[in-house]
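Below are the chains, spelled out letter by letter.
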Amino acid sequence: MKLTKMKTTIIAAAVIAGSLAGAATAFAADSQFIGSLVYRTGPYAPGGIPWADGFADYINLLNERDGGINGVRLDLEECDTAYNTDKGVECYERLKNNGATGMPAVMPLSTGITYALLDRVVADKIPLITSGYGRADAADGRIFPYVFVPPATYWGGADIAINYIATQEGGYGKLKGKKIALVYHDSAYGKEPINTLQALADQHGFKLSKFPVPHPGLEQKATWLKIGRQLRPDYVLMWGWGVMNATAIKEAAAVGFPREKFIGVWWSGNDADMIPAGKAAVGYKSLQFNGVGSDFGVHKQIKKELYDKGKGSAKSAGNTGEVAYNRGLQSALILTEALRAAMNQYGNKPVTGEQVAWALDRLSITEERLKEIGADGLFDPIELSCVDHLGKGRAKVTQWDGKQWETISDWIEPNSEMLRAMYEASAAQYAKEKGIMPRPCG
Amino acid sequence: MIYREAGEFKASYREDMAILPIRQDRWFMWALMAVAFLVIPSIASEYWLGTIMLPFLILALAALGLNVLTGYAGQLSLGTGGFMATGAFAAYKLATAFPELHIIVVILLAGLITAGVGILFGIPSLRIKGFYLAVATLASQFFLIWMFNKFGWFTNYSSSGVISAPPMTAFGDFFVTGPHATPVAKYLFALTLVVFFAMMTKNLVRSNIGREWMAVRDMDIAAEIIGIKMLPTKLKAFAYSSFLCGIAGALWAFVHTGSVEPLAFDVNRSFQILFMIIIGGLGSIMGAFLGSAFIVLLPILLTNAPHLFGLNIPVDIISHIEFMVFGALILFFLIVEPHGLARLWQITKEKLRLWPFPY
Amino acid sequence: MRIERDVIYIFIATLFLMVAIPWAAGQLSEDIFFEWPFFFEVAIGGLLAGVMYSLVALGFVLIFKASGVFNFAQGAMVLFSALTLVGLNELGLPMWLAVIVTLIVMLVLAIVIERVVLRPLVNQEHIILFMATIGITYFLDGFGQTLWGSEVKILDLGIPSEPGFYFGGAILINDFDLVAALIAGVLVVSLALFFQYTRIGRALRAVADDHQAALSVGIPLKHIWVIVWAVAGIVALVAGIMWGSKLGVQFSLALIALKALPVLILGGFTSVPGAIIGGLIIGAGEKLAEVFIAPLIGGGIEDWFAYMLALAFLVFRPQGLFGEKIIERV
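If you're matching them up, the sequences are chains R, D and U in order.
Going by the numbering used here, the residue at position 357 of the first sequence is 357; the numbering climbs one at a time, nothing skipped.
Going by the numbering used here, the residue at position 56 of the second sequence is 56; the numbering climbs one at a time, nothing skipped.
Going by the numbering used here, the residue at position 287 of the third sequence is 287; the numbering climbs one at a time, nothing skipped.
Derived by calculation from the structure, the hints in this document are not laboratory data.
Worth double-checking, as some hints may not be accurate.
Here chain R is said to cover these stretches of chain D; the calculated rule only asks that three of the stretch's residues, wherever they fall, bring their Cβ under 8 Å from a Cβ of chain R [to be verified]: (1) 44-50; (2) 154-162; (3) 211-221; (4) 262-268.
Quantities reported herein were computed from a predicted structural model and do not represent experimental measurements.
Every residue, glycine too, gets a C-beta built ideally from N, C-alpha and C.
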């Protein structure tokens with residue numbers, strides 16, 4: 001090998017070392033830093049892009065319209081995780097000390113990253129907000145002081161789905177002897193609802209059959225032959241993820257299982273999952289913890305302040321009604337309302353993660369507040385406390401009509417009494433393993 | 001000029017067989033150790049220690065394990081992720097079932113359990129070779145992950161199937177796992193283990209066993225003819241390799257992330273480790289470290305690079321470009337030196353010996 | 001092609017086990033539902049799914065046969081070709097023109113790969129070439145998404161996805177699967193004809209047999225490589241169209257390569273018919289296992305079962321069912 005080649009290599013190495021060393025970036029001291037972990041690339045990008053757009057649009061709306069929160073501008077920085085846990089942890093560590101006060105809260109948007117951050121957020125005193133994913137038992141704020149799970153958990157989702165089925169059938173009494181199948185992504189995420197569904201099956205006398213689908217779920221023929229041609233259940237629930245959803249719906253169509261009796265959790269209810277399934281998806285139902293469509297005040301303001309001025313994040317204002325987009329809006333709303341509450345308490349300057357945790361512990365997003373924002377009907381009010389890090393945990397059922405989601409139920413409240421006991425039992429088990437003393441909530 | 005062995009005389013066999021026969025190499029090693037143990041913990045930020053150095057070290061250990069199997073014994077394997085998962089879950093079961101066990105004991109036992117599993121999955125290697133073996137080891141990868149996912153016993157019946165490490169101390173109040181462990185503590189703990197096992201491996205591959213492995217790698221039929229028994233030799237390689245991978249997995253779950261789900265050790269992890277040893281250099285201890293550095297550091301650097309130059313590029317474009325540049329760099333290094341970064345290092349040393357003369 | 005006797009034995013044994021094990025499981029366990037029409041439905045569904053795996057595996061085989069490169073980038077090529085096709089179509093090109101342009105793109109890609117990657121690495125070890133294709137994978141994944149974005153795109157072939165027809169009154173067969181199988185069949189036959197009867201085909205086979213001998217009778221190795229990568233690109237496009245119309249064109253398409261690997265080792269890296277037979281065995285085997293064995297041990301076994309099945313075959317034939325026998329000399 002020639003020496004020149006070696007020189008190039010050495011120079012390259014030097015450049016690499018040099019640029020890594022100076023990785024710190026300067027930020028304005030008077031603006032509030034917000035770090036957002038998103039996945040705009042990778043296998044799950046179709047569902048991640050609208051979320052990231054919704055989140056960014058709401059933050060930008062506050063900046064454009066109000067000049068931030070209480071006069072403090074918001075400084076948003078995205079970090080692409082590609083839904084990869086290693087990258088997500090790197091993003092979190094990189095962003096957590098940015099800005100004047102560091103990252104005020106982290107929304108990892110992935111079960112894997114959530115688990116990887118559980119220990120870290122406690123040490124860093126940064127609240128971890130997992131809206132509709134992550135650990136359901138983090139609803140117990142005494143054991144998870146830095147984890148917040150509004151507006152809904154998987155366990156609640158499972159209960160809501162059964163509740164909806166019971167309404168369809170004419171009461172819980174009619175569930176006896178019914179067959180309900182669960183098709184789930186064979187991972188931490190997909191397994192979350194099993195315990196709840198099993199408990200409900202024992203209680204109401206329906207038969208639960210479980211059908212794990214190995215990651216990534218490109219092939220489900222065997223699963224659906226079993227379901228559609230052999231078991232022939234009354235209902236199918238799905239805890240699917242990414243490309244698995246569209247495949248499942250197509251296979252359900254192939255065996256002729258009625259889509260009206262096929263109900264997915266919210267992560268199986270992205271627009272991006274329905275589109276590839278085409279006509280096969282018509283009639284398919286999905287739970288949503290937020291409203292659907294873009295006929296809300298907040299969307300109009302976003303259109304006026306951002307898209308009409310060419311500052312929108314999504315491709316066009318037409319994309320702002322997607323379910324995942326609205327979820328991004330909701331996450332931004334929860335975060336900014338907490339920031340506002342923290343600033344009201346600690347002064348109108350950038351706030352720290354600990355202060356935001358304080359605010360989240362007593363977060364209150366009322367119906368009136370939602371009306372002011374222009375999001376009434378879009379989101380459910382959220383009331384959190386030191387003990388309760390979940391709120392009501394309600395969700396709606398929506399149905400795909402071939403182009404968009406139609407809401408077909410009101411907010412359905414899960415059986416909080418039963419679930420609360422399950423959350424606490426599971427959290428206590430976690431506390432025992434990790435040697436955590438529950439904090440007093442007075 | 002500076003770097004050469006002239007004037008160094010070996011007076012004993014011991015000196016002649018030293019791992020680093022040249023004085024400058026020894027100095028360099030000591031300096032490197034000093035930097036790793038003293039300088040880095042005192043000057044590096046939390047981000048550097050916790051997010052860059054720790055994964056680098058742990059994955060380097062896994063790469064070391066795979067390099068023993070693939071680089072020294074010539075058995076191509078894509079089961080690394082599965083073996084790391086075995087280590088992680090074994091450590092979790094041990095740590096929760098016997099809370100009084102010391103973390104070192106837990107990790108070593110987890111490594112031994114993984115070695116057993118490795119032997120089991122190494123048996124097909126007696127008949128299958130090359131890429132066929134690589135794909136066949138994927139069977140163990142998928143099977144092990146499925147098993148940990150499926151049976152609640154492995155996760156103490158947690159509803160989501162996620163394991164999380166209990167807080168443990170190396171000595172006294174020096175926490176190395178759990179929320180109270182500082183990045184410095186975690187780093188030093190991992191570093192100590194990694195250095196220890198790297199030295200152990202270095203000695204092992206110079207021993208009788210290592211030479212048997214290399215003989216099998218270079219020509220298995222010839223090796224058999226000169227009296228090397230295939231079965232024990234290959235299985236020893238599988239055992240030792242899985243032992244290291246198991247320890248790496250346990251460290252990953254306990255020291256690095258704290259909580260993991262089986263998917264953290266999916267097939268992509270196996271590929272990642274394999275890339276490391278190919279890029280770093282097959283059959284080289286140094287190569288495992290260089291490869292790990294390349295695969296762990298480069299993407300992070302590429303993601304951060306536009307920021308440094310003050311460019312405001314959307315994150316998705318950065319990610320795409322990162323992919324392209326990463327791919328192009330892999331090709332570039334392979335074309336420049338197909339035998340990996342370790343070979344480049346070797347060549348650099350050769351050149352330095354002769355410097356300033358070209359020949 | 002001469003089929004060795006032990007292949008036939010293995011084949012008969014496989015067929016027997018595929019029927020006997022589900023039947024026995026159905027007799028022994030309450031949880032397993034066994035009826036002949038249902039068994040055939042699963043088996044046929046599996047065979048048709050297997051054809052879809054074969055489509056991907058074919059691309060691997062072509063390249064491995066001609067250049068000894070285990071082309072990790074085949075999955076990325078499937079994604080890239082499908083993305084290009086749909087992207088061009090969305091830009092307003094009619095479908096037929098988009099297909100032609102995509103084919104040209106794949107040809108250019110083959111030329112670039114040969115120039116930039118294969119030529120400098122000629123005569124390197126297999127594993128180095130393998131790693132180089134991984135570099136190509138990363139590059140293509142990034143490049144395709146930079147050009148066409150990461151959103152999901154629709155590729156509608158107009159084949160209905162609702163239940164197809166009932167064969168013999170009781171066995172449900174899906175239209176889409178049947179069409180896919182048909183297309184794969186046509187592809188394989190035309191590839192076989194191409195290899196058997198054209199000049200280039202003969203040259204390709206000569207190269208596959210012995211690089212050195214092929215060179216010495218005047219076959220230009222470099223051209224052959226370009227051709228073989230281009231043909232693999234066409235196969236990738238067909239696989240991309242079929243899988244893309246099934247799943248939507250998105251990044252996940254690159255993941256189907258993992259489904260093709262067990263097919264590949266079962267059939268042998270060097271055999272085109274092997275890829276087809278391997279696909280059929282893996283497809284039927286994993287579906288039958290998932291339906292008739294999995295309920296006993298918790299389900300979701302499809303993925304590792306395919307690999308275990310392939311592994312079981314390898315124990316009897318270490319070079320795959322139709323792979324070339326490796327003769328080693330000291």
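Violating hint indices (sorted, rising): Hint 3 alone not satisfied by this model.
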